[in-house]
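Engineer: Heads up, the sequence shown is in my numbering, so the first residue is 1 and it goes up one at a time.
Treat each hint with caution, since some may be false.
Calculated pairs, EDC-like style, for lysine to aspartate or glutamate (alpha carbon to alpha carbon, straight line, at most 16 Å) [stated by the list, open to error]:
{"no.": "1", "residue 1": "K62", "residue 2": "E124"}
{"no.": "2", "residue 1": "K219", "residue 2": "E262"}
{"no.": "3", "residue 1": "K273", "residue 2": "D297"}
{"no.": "4", "residue 1": "K244", "residue 2": "D199"}
{"no.": "5", "residue 1": "K29", "residue 2": "E17"}
{"no.": "6", "residue 1": "K15", "residue 2": "E32"}
{"no.": "7", "residue 1": "K91", "residue 2": "D51"}
{"no.": "8", "residue 1": "K65", "residue 2": "E17"}
{"no.": "9", "residue 1": "K7", "residue 2": "E17"}
Don't read these hints as lab results, they were simulated from the structure.
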Amino acid sequence: MGEYIRKTARYNGKKYEATGKTELEAMTKLAEKLAAAKRGEEVIGGAMTVDSWYRQWMTTYKEPKGLTPKSLGMYNEKYRGYIAPRIGHMKLRDVRDIHLQRILNGEAGRSLSHLKKLRMVMQEMFRQARRSRVIPYDPAEVLELPQSTEGKRRSITDEERAAILAVATWHSSGLYILTLLYTGMRPGEAAALNWRDVDFEENVIRIHAALESGSSRIKGPKTAAGVRDIPIHAALLPLLRDAKQGPFDPVFPTRAGNRQNEKSLRRLWTGFKRDLDIYMGAKLERNKIVSSVVATDLTPYCLRHTFATDCFRAGVPLETVRWLLGHEDISTTANIYEHSDMSALRRGIALLDGTGGKPGGNEEKANY
């Protein structure tokens, strides 16, 4: 049996090799491999690297599905930031569950959302490799989530409310902030509003569209529950009247008069939160905040959460709150309820013992 001739070459930092019985055969095979690599093609098999499979998987199975840029970005962020540095160089067939579990364990203490997304990316890409018979078994099939911190959206505190209301009176983003607080609408829904959607005769704001996550496109809501009318709060009504523009103008335009996108909405909130921080006592050096006092978990969704909690405290039925928030499932609305709100708890007990919810109330009715 004759010896085989081996030829190698590098392209984009990757080594390619081919063998043949003659030098011409080896060179021809190597040229074919390099040509395929330049066309973006890969030889599919267990010997390919995890990096190579990820590229093939994304272009073949994920990108054609029409996912938003934000969703595709999530896959790339998790893979490039956490998976590729650990196993990207490995051959696909050599990856075992312990390699993947170590990646997850290395992120212990991070948010539950981050850990779930990281596990999802690994499970989806290796599940497809198994289904495609590229690998004999799926190493991501049984992965355990390590300890995490589960973030919880919350209502604003009384101190935060007072400061927000004060800053909103003069801030350029004030109307946007107060609209979120007094209507409970999502930031993307506020970005999609035109003035024709604000019906001053019926005193309602008509929600029927939202900014698509990860893009600048306006689309319909994900569910039918997203289409709804929200009565205009008495404190918000005169502010909206004073700001009214043409029917097809955005209610919350950028400084250039354009519609807000995801990035500009983020800047809108960041600018407001910075001035709120200063108002609440943050320390400045050369106009830079060096000691912040505003809570790090204060987000625009805290205003939506506050609207829901305010409704509950005012005695608005849960089903009505669900409708106002545009929730498809009432359990989503119920999860917002602030059980730690002592005033709400006392009012609930008052229905049973007749104390009016005050400490030291009717002891006779309490002693049975």
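Engineer: Would you pick out the hints that fail for this structure and give their numbers low to high?
Structural biologist: Going through the list in order, the structure violates hint 8 alone and respects the others.
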